[in-house]
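Engineer: Listed in order, the protein sequences are those of chains A and B. Under the numbering used here, the residue at position 15 of the first sequence is numbered 15, and the numbers go up by one with no gaps. Under the numbering used here, the residue at position 84 of the second sequence is numbered 84, and the numbers go up by one with no gaps.
Since the hints were derived computationally from the structure, they do not count as laboratory data. It is possible that some hints are incorrect.
[As the list claims (entries may be wrong)] Pairwise CB distance ranges, derived in the manner of DEER restraints:
{"id": "1", "chain 1": "A", "residue 1": "Gly94", "chain 2": "B", "residue 2": "Ala111", "range": "39 to 49 Å"}
{"id": "2", "chain 1": "B", "residue 1": "Trp84", "chain 2": "A", "residue 2": "Asp83", "range": "31 to 41 Å"}
{"id": "3", "chain 1": "B", "residue 1": "Pro114", "chain 2": "A", "residue 2": "Glu56", "range": "37 to 47 Å"}
{"id": "4", "chain 1": "A", "residue 1": "Arg34", "chain 2": "B", "residue 2": "Asp90", "range": "28 to 38 Å"}
{"id": "5", "chain 1": "A", "residue 1": "Asp31", "chain 2": "B", "residue 2": "Asp35", "range": "44 to 54 Å"}
{"id": "6", "chain 1": "A", "residue 1": "Thr82", "chain 2": "B", "residue 2": "Arg93", "range": "26 to 36 Å"}
{"id": "7", "chain 1": "A", "residue 1": "Asp28", "chain 2": "B", "residue 2": "Arg102", "range": "20 to 30 Å"}
{"id": "8", "chain 1": "A", "residue 1": "Glu40", "chain 2": "B", "residue 2": "Ala4", "range": "24 to 34 Å"}
{"id": "9", "chain 1": "A", "residue 1": "Gly55", "chain 2": "B", "residue 2": "Thr68", "range": "32 to 42 Å"}
{"id": "10", "chain 1": "B", "residue 1": "Ala111", "chain 2": "A", "residue 2": "Leu93", "range": "16 to 26 Å"}
Each residue gets a CB set at the ideal place from its N, CA and C atoms; glycine is no exception.
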Amino acid sequence: MGSLNSRFENDNRRLLRARDLMDRRYWDDLDVTRLGQAAEMSRAHFIRSFKEAFGETPHRYLQRRRVERAMYLLRATNRQVTDICMEVGFSSLGSFSRTFAEIVGESPSTFRGRGLMPPVPSCFIKTWMRPSTFGEAERIDNA
Amino acid sequence: MYNAINRSQIFVLDQNEALDFYTTTLGLELADDLDLGFMRWLTVRVPGDPGREILLELVGPPAMDEATAEVAKELLTKGAMGGWLSISTDDARAAYDTLSERGVEINDELAEKPYGIDFGIRDPFGNAIRIGQLFDREES
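When you get a sec, could you build the whole thing from the sequences and use the hints?
Structural biologist: Okay, here's the thing in structure tokens:
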């Protein structure tokens, strides 16, 4: 890409490509090696560079993307929590519920009780509903 | 008081590359390409929609100092600049197929949403573009 003159611009753009892959195929089995390939970096270099660029590990970003998608589905559909858990890429209800509570601060069913989502462009839902990683939710037992 | 939004702006890192992407690849058309001396005024628009243009503005001096430009470039290439376009179409699936064949980076797959059928792409610099076939608001 001719316009990306400095190393950091080129690295950022390739890291963004890997992050976009997580956004696009969040349900898929995206391991760090595959993500590193998308960014044209070695596994170790990718993990380090991703965290430097975006402030969190690729694993955490993917978890947040999946949880954000689950948050949307919980409030926009009547589907079973287990179905949603599997659809967004978690392999068990236990890990989904634990991760959801850790990131959001409440259980999936409590979150569902907030009601229906309004119809706004999904990219904004994706961005703004994504629970912040830069301040994890308080533990439920402290909330 | 107002009657339209007639121009909007996004930052790019190379105007020749931007012009090629936004016209040849994306399918917009050139509106203005003017050498103003202090800047290249480069705008594109949707064919058939002359009332709304997008300025493809180069990041850098004299609009901003070098240090600020470095920050802007970093944000842009990380997808955090905030530049964002939403383009409507009568056939989102056809647009998706065409742009996929042209090798455009898809960052959000084609899907039906409450407001329409849409998908997301990135330009070569990191700007996000949304292309959608929107339902009438009364239907959504």
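Engineer: Could you see if the CB distance from B:Pro114 to A:Glu56 stays within 37 to 47 Å?
Structural biologist: With Cβ atoms ~29 Å apart, the hint is violated.
Engineer: Are A:Arg34 and B:Asp90 spaced within 28 to 38 Å by their CB atoms?
Structural biologist: Roughly 36 Å apart at Cβ, these two residues keep to the hinted range, so it holds.
Engineer: Does 32 to 42 Å hold as the CB distance between A:Gly55 and B:Thr68, or does it fail?
Structural biologist: violated, 21 Å
Engineer: Do the Cβ positions of A:Glu40 and B:Ala4 conform to the proposed distance bound of 24 to 34 Å?
Structural biologist: violated, 43 Å
Engineer: Cβ-Cβ distance between B:Trp84 and A:Asp83: within 31 to 41 Å?
Structural biologist: Holds - the Cβ-Cβ distance for B:Trp84 and A:Asp83, about 32 Å, lies within 31 to 41 Å.
Engineer: Using the Cβ atoms, figure out if B:Ala111 sits within 16 to 26 Å of A:Leu93.
Structural biologist: Given range 16 to 26 Å: holds, Cβ gap about 25 Å.
Engineer: Between A:Asp31 and B:Asp35, does the C-beta distance stay in 44 to 54 Å?
Structural biologist: holds, 50 Å
Engineer: Would you say the C-beta atoms of A:Asp28 and B:Arg102 sit inside 20 to 30 Å of each other?
Structural biologist: Cβ of A:Asp28 to Cβ of B:Arg102: about 24 Å, so the range 20 to 30 Å holds.
Engineer: Can the suggested window of 39 to 49 Å be confirmed for the beta-carbon pair A:Gly94 and B:Ala111?
Structural biologist: Once the Cβ atoms are compared, 28 Å apart, the range 39 to 49 Å for B:Ala111 and A:Gly94 is violated.
Engineer: Holds or violated: the 26 to 36 Å window for the beta-carbon distance between A:Thr82 and B:Arg93?
Structural biologist: Holds, at about 31 Å.
Hints 1, 3, 8 and 9 from the list above are not met by this structure, while the remaining hints are.
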